[in-house]
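There are 2 protein chains.
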Amino acid sequence: MRSMIRSQVYTPTLARLVRFALIQPTLLSSRIIRTNPRRHFSVSRKQAMLSTELTEAQVSALRANKDRLARDLHHSCQWGSGIRWGDGPTDTGMQRLALSQEDKQVRDWFIETTKALNCRVTIDEMGNIFAVRPGRRTDVPPVFIGSHLDTQPTGGRYDGILGVLSGIEALKSMDDMGLETEGGVGVVNWTNEEGARFPISMISSGVWAECIPLSQAHELKEVPTVASLPTASSAPETMRSALEKIDYLGSVPCSYKQTPMAAHFELHIEQGPHLETAGQHVGVVTAVQAYRWFRLTIVGRDTHTGTTAFEHRADALYAFAQMMVRAREVASSHGCLASVGIVEAKPGSVNTVPGVVSFTLDIRGPEDELVNVVEKQLRKDFDAIAAEEGKPIGKPCRVEWTLDFDSPVVKFHPDCIDCVQQSAEAVVADSDSTDPKSLTRTIMSGAGHDSVFTSKRVPTSMIFVPCKDGLSHHPEEFCSADDCATGASVILQAVIRYDRKRFSS
Amino acid sequence: MRSMIRSQVYTPTLARLVRFALIQPTLLSSRIIRTNPRRHFSVSRKQAMLSTELTEAQVSALRANKDRLARDLHHSCQWGSGIRWGDGPTDTGMQRLALSQEDKQVRDWFIETTKALNCRVTIDEMGNIFAVRPGRRTDVPPVFIGSHLDTQPTGGRYDGILGVLSGIEALKSMDDMGLETEGGVGVVNWTNEEGARFPISMISSGVWAECIPLSQAHELKEVPTVASLPTASSAPETMRSALEKIDYLGSVPCSYKQTPMAAHFELHIEQGPHLETAGQHVGVVTAVQAYRWFRLTIVGRDTHTGTTAFEHRADALYAFAQMMVRAREVASSHGCLASVGIVEAKPGSVNTVPGVVSFTLDIRGPEDELVNVVEKQLRKDFDAIAAEEGKPIGKPCRVEWTLDFDSPVVKFHPDCIDCVQQSAEAVVADSDSTDPKSLTRTIMSGAGHDSVFTSKRVPTSMIFVPCKDGLSHHPEEFCSADDCATGASVILQAVIRYDRKRFSS
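Sequences listed follow chains L and U, in order.
Throughout the first sequence, residue numbering follows the UniProt record's numbering, covering 1 to 505 in sequence.
Throughout the second sequence, residue numbering follows the UniProt record's numbering, covering 1 to 505 in sequence.
Since the hints were made in silico from the structure, they are not lab data.
Wrong hints could be hidden among the right ones.
Note that the list lumps identical chains together, so a pair holds whenever it fits in one copy or between two copies.
As the list claims (entries may be wrong) - Pairs of lysine-lysine residues, derived as PhoX-like cross-links and limited to a Cα-Cα distance of at most 25 Å, are as follows:
id: 1; residue 1: Lys468; residue 2: Lys395
id: 2; residue 1: Lys468; residue 2: Lys391
id: 3; residue 1: Lys346; residue 2: Lys221
id: 4; residue 1: Lys346; residue 2: Lys468
id: 5; residue 1: Lys221; residue 2: Lys104
id: 6; residue 1: Lys245; residue 2: Lys104
id: 7; residue 1: Lys501; residue 2: Lys456
id: 8; residue 1: Lys257; residue 2: Lys115
Assemble the whole structure, with the sequences as input and the hints as a guide.
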């Protein structure tokens with residue numbers, strides 16, 4: 001099938017022409033290449049170039065294929081298309097919960113696609129799929145490009161998906177050029193990164209890094225709200241049974257020891273407004289901010305809304321409202337974030353004051369110590385708020401905290417950051433700017449990603465590209481085809497640069 | 001069966017003795033009577049006294065039987081016993097949803113009991129049960145004592161139940177004394193007062209008053225959360241099918257025209273703390289406060305909790321939190337109440353800022369105009385809060401209101417209020433207080449009751465007795481046997497006084 005596609009589109013003459021251009025960088029304006037459809041080309045393996053033999057200029061000239069990337073990305077979004085927000089064929093969000101039937105379909109496509117690129121595909125016990133394009137040397141671990149194909153229930157087409165698709169595009173681009181690497185280059189699809197169905201995000205890279213026990217992950221139950229979605233079963237399922245049900249419970253132990261990596265690179269939309277606001281094209285991600293997830297429960301007293309004066313209430317929901325307002329004040333004053341995503345009030349009757357409220361609290365900050373300070377202050381303030389509500393009747397509310405997840409600040413690896421920085425500068429050189437370097441910046445990730453866990457075991461870094469209005473976890477999440485391609489070009493170069501770094505003498 | 005019970009317990013000699021005492025009020029210390037078990041007595045109808053022939057002192061001496069009332073009340077709570085909160089045999093709440101099997105059982109008992117008291121029993125199309133003890137005159141409508149036998153899913157033993165049982169106790173007390181009335185005296189059990197299973201409270205008195213169409217009530221579906229309770233069926237049922245299933249779909253049209261009343265009296269626990277706090281025994285209810293129920297929806301924008309600065313958010317839940325805090329401030333400043341019982345945040349994910357929040361708002365106040373003022377102010381303030389959240393990104397939140405229910409202030413009938421006031425003062429005279437009158441107060445009902453609807457068609461008023469900590473809609477809801485008996489004595493006297501008022505020349 002692979003050779004058929006080639007023969008339909010390209011001619012050996014064209015391929016030779018472009019290969020020549022690549023070897024003669026002065027002839028090869030990257031601007032022309034980015035807009036020239038003839039850049040889709042292929043050479044046979046016998047004619048292969050080797051990554052370590054390229055000149056610096058040749059590496060800097062490497063580009064992903066914008067149109068093909070966009071086509072592949074939206075093709076893959078047919079499985080799990082979500083809420084429509086515009087009239088265009090791709091103007092829908094995504095609803096592809098981890099291990100749903102739609103997730104199975106896109107996984108099947110991922111395997112078919114990477115196998116067609118001569119990749120060796122393995123699936124581990126967490127359903128992580130590793131597709132490796134072999135390098136010249138078989139005694140070394142591959143460098144991976146990784147992210148996730150699952151989405152939020154009301155997610156978009158780029159968060160995670162762009163990362164995996166840029167990996168596939170990198171392999172296709174390398175194939176186009178007949179580019180061989182010393183070590184292999186892999187693409188990994190991590191399972192349930194979002195944590196939207198099974199409520200621990202990045203759980204499967206966490207198991208791979210041996211930071212989360214396999215048994216805990218296998219026994220993790222889907223959240224009840226998700227169970228009622230049409231894409232999930234009606235009764236809460238464990239990850240293990242969900243993996244079995246879609247036939248993605250692999251036999252390879254989920255561990256960095258069994259599936260080693262030389263490095264992990266991840267391309268992602270920024271999910272924030274900084275790049276867009278500054279008109280910048282690439283964020284060189286140097287770190288991930290610290291975050292802590294809590295579940296809190298406020299216990300007050302159910303009582304009648306019509307007959308109970310305010311001073312006779314221990315209204316757990318009123319206490320919650322004050323806490324949420326306070327959380328923003330405190331977090332803000334320390335340059336941190338504090339957010340509530342889930343709230344549940346019981347018993348849930350119009351004319352009964354809620355006696356029990358549960359909610360999640362997500363505290364984030366650029367330094368572990370700042371998160372500590374915010375948590376400490378909020379524990380004190382929440383206790384004070386609870387103590388006041390119900391005090392006149394001698395039945396004050398009380399609040400209990402449970403820590404669900406603690407992710408300290410992650411600093412990415414300097415070698416990976418260097419590769420991304422050089423690649424970013426090379427790619428943005430295409431622009432008309434008189435100071436192209438100003439189109440890149442170093443940036444800290446606000447969100448967690450699978451790279452947080454890979455960084456515990458192997459050199460890792462990330463690349464951010466702008467997204468419209470900084471919006472994500474929303475159907476209208478959007479990254480232009482140009483920005484997607486810029487990111488894919490950067491990750492393509494970064495992987496090649498890392499390979500050269502490893503094996504150049 | 002009725003005569004058997006009499007012969008087992010009482011002797012004619014005793015009955016005559018007590019009757020003599022009643023006619024000679026100076027001999028009849030009400031204190032003695034309240035604690036003297038011999039007060040359980042009976043006379044034959046031939047020896048009957050007539051209500052209109054009693055002296056004022058004789059009326060004031062009428063008392064319910066405390067022990068029998070307590071026994072009957074807890075006996076009736078065997079059907080639908082709920083959550084246990086103590087070790088005593090009656091230390092459980094109630095879970096007797098309208099038209100459940102448990103409700104059928106207690107209805108059967110109600111009919112058997114009132115028939116044994118020589119009542120004529122009719123059942124209407126809403127399953128309302130009317131048991132009438134005939135008076136001397138058959139050409140006039142009876143005076144009714146009414147309330148409800150259904151409960152909240154986590155309710156207690158007094159809300160509604162005490163009202164119906166006090167009616168039965170009044171009939172028994174009248175029988176004890178051979179007391180005949182001019183007009184008949186009835187007891188009515190209204191169907192689904194709570195609105196907990198079928199989500200319109202007081203629906204069946206509403207149909208009786210022709211304020212709610214029969215068809216709407218018959219087609220009303222049980223709420224899904226209740227459908228999953230063991231006492232209800234697994235698939236949502238309509239009121240009509242639920243009535244049929246337990247064989248309580250009566251043939252009598254549900255209307256005040258078909259089942260006329262001369263007046264309606266209702267005894268209820270206060271469901272608030274005022275009586276208990278003030279050490280008072282009886283509340284003479286003069287009115288029911290106005291209330292309005294709304295559903296509100298705040299629309300903001302879903303976004304990532306980790307990557308979105310506060311100033312880039314349109315956080316619908318944060319807007320909600322500010323609104324709830326503000327609602328209490330505004331309501332409080334106008335002597336009103338504002339409560340949120342239900343809140344739902346979507347999409348409901350730890351790391352997604354909620355873009356949509358729906359909640360209920362219950363505003364109550366002593367005057368319609370005050371509720372108007374609070375609503376108007378909150379509409380303005382909520383708009384302002386919504387407009388600020390998301391303003392920096394040009395996507396402010398917006399808030400929409402839907403009115404679900406509007407119940408203006410109800411003023412009870414002065415004739416009924418007078419009867420209750422006089423009766424209350426007579427009954428509390430038993431106390432040791434040097435100023436017994438201070439043990440009663442006029443009070444406004446915070447909650448809705450079936451009396452709200454009966455008051456649209458016939459003279460109505462209510463009696464409140466204290467409940468522990470003002471707590472209701474809770475398994476630990478509690479009213480002492482003494483307080484129950486006080487209330488039952490007041491309603492017994494009130495009915496007799498009303499009968500006398502109607503027929504004394």
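Each hint, compared with the structure:
Taking identical chains as interchangeable, the C-alpha atoms of Lys468 and Lys395 lie at most 25 Å apart only when they sit on different chains, with a minimum of 14 Å there against 49 Å within one chain. For the homomeric pair Lys468 and Lys391, the shortest alpha-carbon distance between copies (17 Å) is at most 25 Å, but the shortest distance inside one copy (48 Å) is not. Within a single copy, Lys346 and Lys221 get their C-alpha atoms as close as 22 Å, and across copies as close as 20 Å, so both meet the 25 Å cut-off. Taking the closest pair of Cα atoms, Lys346 and Lys468 come within 25 Å of each other only across two copies (22 Å); inside a single copy the shortest separation is 38 Å, beyond that limit.
For a Cα distance limit of 25 Å, the shortest separation of Lys221 from Lys104 inside one copy, 18 Å, qualifies, whereas the shortest one across copies, 38 Å, does not. In this homomeric assembly, Lys245 and Lys104 come within 25 Å of each other (Cα to Cα) only inside a single copy, at 10 Å, whereas the closest approach across copies is 45 Å. With identical chains, the CA atoms of Lys501 and Lys456 are at most 25 Å apart within one copy only, with a shortest distance of 21 Å there and 88 Å across copies. Proximity of Lys257 and Lys115 under a CA criterion of 25 Å is satisfied intra-copy only: 23 Å inside one chain copy versus 81 Å between copies.
Hint compliance for this structure: every hint is met.
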